[in-house]
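One-letter residues, chain by chain:
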Amino acid sequence: MTWFNRDVIGVLDFGREDFEVLFSEALNMEKYAKSRLDLLGDKVLALAFFEPSTRTRLSFETAMLRLGGRVIGFSGTEATSMTKGENLADTIRMLDAYANAIVIRHSLEGAAKFAAEIAESPVINAGDGSQNHPTQAMLDLYTIWREFKVIDDLSIGILGDLRYARVVNSLIQALSYYRVKLHLISPELLRPRQELVEFMNSRNMKYDWTDDPYGVINDLDVLYVVRIQRERFPDPMEYEKVKGAYKVTPKLIERGKPSLVILHPLPRVDEIDFAVDNMPQARYFKQASLGVPLRMALLKLVLAGDKS
Amino acid sequence: MSSKRELIISKIRDGVVIDHIPTGRALLVLRLLGISGREGFRVALVMNVESRKLGTKDIVKIEGRELTKDELNLVALVAPTATVNIIRDYEVVSKFKVAIPDVIEGLLKCKNPRCITNQQREPVRSRFRVLSREPLKLVCDYCGTIHELNDIERYFGLT
Ligand SMILES: [Zn+2]
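Protein chains in written order, with numbering that gives the first Met the number 0: chain H, 0 to 307; chain Y, 0 to 158.
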C-alpha cells in the first residue's frame, strides 16, 4: 500500500514493506536534514499539540521547513486559549480547511483516530493517550536498522515503565513485524498491561520478563530505556527503592556486549547515568538526530507520494 | 378464557420472537434493542417458563417493528443462547441463533475514562471489535482497551 495521503495513527496500520520504503527514504533524507529540499513548497502542515512535547513538535516543524513547506499550529497552553472551549472535532475541521496534513498530539486515547475520521487531509499521530506514538516507534526501528542493517534476530531489551509509557506499546507493535527476541525489564508494578501481553501472544512474539537488568544485559544487542515516573507509585518509598535498581550505569553497560546499542526516546531525567553518555554504546543522541530525516521521509511520502 | 399455554405461544402477525433468553434477562434484551415500551408497538414478555434446554427461560415478542439481523445479533451480548424467529403474516420466515457481530457500534461504553469516546462534547460513538468470542473479548477501536464478559455484564448491571 502506498503512503500517499494515508493517516498515520498506529504502527499496526503499516507493515514491514511500508517500513522498508520509509527507511530507504529516510536514509536519502539524511543528506538534506541540514539543508533544504524543495519538495513541499506548496504545502502547509498543521501542528495541533494539545499536549506539549517540544522534541516531537520541533522535529516535525524542522522536517517540514527542510522540505520547503510551511507550518501552522499551536502547542500546550496555547491550545486552550486558541480553541476557547471548542471541541476537538471543530478544531480539527478548522485545521483541515487550512492545511494539507495535520499532526496531532493529545492526552486522550483514540484522539488521533477520531481526528482522522473527521479530517479529509491525512492525520499523523504524534502521541495520544498512553497507547500510540507511531512516529517515535518508526524512528526507534529506523535507528536500530541504521545500526545493525537488519532488525531480524536481534535481542532487544526494553527497560523501565512498560505499563504506562506510550512509546513501549508502539515499539513492541512495530517489532512484531520482525523476528526478534524481547527481554522486558521492569519493576513488578510496571509490567506490561494485559492488552500488550495478549498482543505479543497473538503475534507469537518471543519475549520474557524480568525485574533484574543484570540478569539479561549480556544477551542484549539493543537496550531501550524509558523513564519510570514517580507518580506511578502509590508509595514514594517503593519508588525510591526501584529508581536505583533500574538506573543505567557504566557498571551495568560494562557487563553487556561491547556492540550493545543503548536507545532512549528522550528527554531523559536521571534514568541513564551521565557517565554512560561518553560510552560508545550510547546512541540516544544519534537516535534523536535521526528524528528529522525520518519525519522528512514520512511527510514526503504522505504529502507527495512514493515517487521522488 | 385463554389458558396459560395459549398466553405463551399466542401468535403474532408480523414481528420477532426472541426465544431461549436466560431467565431474568428479557427486560435487558429489550433495553439492549432500544425498546422502552413507549414507542407504541406491542411487546410481550414471558418470563420464567419451562425450557427443555435451559430449565427455565424468558421469551420476548415484538410486534410491528422490523429489526435488522445486526440489531438482533446484539442480543447475544446478554443472551448468548437466544434464538430469533422472524414472523411475517403468522409464519416463521426465518430463524437463527444470535451471534455477536464483528463490530459493535454505539451500544456499549468504553471503560477507559481517558478514551475519546467518553468525551461528552465530541461527536463520537463507541466502536468495539470482537477479538475473541470464547471467551468473549471486545477491543475498543479507539483506545485499544480490552473488555471481557464481566465488563459487559457490569455495563448492563448484571454483576
Ligand atoms: Zn476506548
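Treat the hints as calculated values from the structure; they're not laboratory data.
What you are looking at is a predicted structure, and each value in this text was computed from that prediction instead of being measured.
Cβ coordinates follow ideal geometry from the N, Cα and C atoms, glycine included.
Watch out, some of these pointers could steer you wrong.
[As the list claims (entries may be wrong)] Straight-line alpha carbon distances no greater than 30 Å define the calculated DSBU-like cross-link-like pairs of lysine-lysine that follow:
#, chain 1, residue 1, chain 2, residue 2
1, H, 30, H, 83
2, Y, 110, Y, 52
3, Y, 136, Y, 10
4, Y, 136, H, 180
5, H, 205, Y, 136
6, H, 285, H, 33
7, H, 30, H, 205
8, H, 83, H, 180
9, H, 83, Y, 108
10, Y, 68, Y, 110
11, Y, 110, H, 83
12, Y, 136, Y, 96
[What the hints assert, rightly or not] Which chain Y residues stay away from chain H? Per the calculated CB distances, all over 10 Å, these:
#, residue
13, 66
14, 113
15, 116
16, 120
17, 121
18, 129
19, 135
20, 145
So, going through the hints one by one against the coordinates:
1. A distance of roughly 42 Å separates the Cα atoms of residue 30 of chain H and residue 83 of chain H; the hinted pair therefore is violated under the 30 Å criterion.
2. The straight-line distance between the Cα atoms of residue 110 of chain Y and residue 52 of chain Y is roughly 34 Å, outside the 30 Å bound, and the hint therefore fails.
3. Of the supplied pair hints, the one linking residue 136 of chain Y and residue 10 of chain Y is violated, its CA atoms being roughly 37 Å apart against a limit of 30 Å.
4. At most 30 Å may separate the alpha-carbon atoms for a hinted pair to count; residue 136 of chain Y and residue 180 of chain H meet this at roughly 27 Å.
5. As the CA atoms of residue 205 of chain H and residue 136 of chain Y are separated by approximately 23 Å, the hinted pair is consistent with the 30 Å bound.
6. About 14 Å separates the Cα atoms of residue 285 of chain H and residue 33 of chain H, which keeps this hinted pair within 30 Å; it holds.
7. Taking the CA atoms of residue 30 of chain H and residue 205 of chain H, the gap is about 36 Å. The hint is violated against a cut of 30 Å.
8. Note on residue 83 of chain H and residue 180 of chain H: the hinted pairing is violated, with a Cα-Cα distance of about 48 Å set against a maximum of 30 Å.
9. Proposed proximity of residue 83 of chain H and residue 108 of chain Y is supported: the alpha carbons are some 28 Å apart, at most 30 Å.
10. Proposed proximity of residue 68 of chain Y and residue 110 of chain Y is supported: the alpha carbons are some 27 Å apart, at most 30 Å.
11. The straight-line distance between the Cα atoms of residue 110 of chain Y and residue 83 of chain H is roughly 28 Å, inside the 30 Å bound, and the hint therefore holds.
12. Simply put, residue 136 of chain Y and residue 96 of chain Y have alpha-carbon atoms about 20 Å apart, close enough for the 30 Å limit, and the pair holds.
13. Remark: the non-interface label on residue 66 of chain Y is consistent with the geometry, its nearest Cβ contact in chain H lying 27 Å away (cut-off 10 Å).
14. A beta-carbon of chain H comes within 10 Å of the beta-carbon of residue 113 of chain Y; the shortest separation is about 5 Å.
15. Some Cβ of chain H comes within 10 Å of the Cβ of residue 116 of chain Y; the nearest lies about 7 Å off, and the non-interface call is violated.
16. Under the 10 Å C-beta cut-off, the non-interface status given to residue 120 of chain Y relative to chain H is violated; the minimum distance is some 4 Å.
17. Non-interface status of residue 121 of chain Y relative to chain H is broken: a Cβ of that chain comes within 10 Å, the nearest being about 5 Å off.
18. Non-interface status of residue 129 of chain Y relative to chain H is upheld: no Cβ of that chain comes within 10 Å, the nearest being about 14 Å off.
19. Once the 10 Å rule is applied to beta carbons, residue 135 of chain Y is consistent with being away from chain H; the minimum gap is 14 Å.
20. With a least CB separation of 5 Å from chain H, residue 145 of chain Y falls inside the 10 Å interface cut-off, contrary to its annotation.
Comparing the model with each numbered hint stated earlier shows that hints 1, 2, 3, 7, 8, 14, 15, 16, 17, 20 do not hold.
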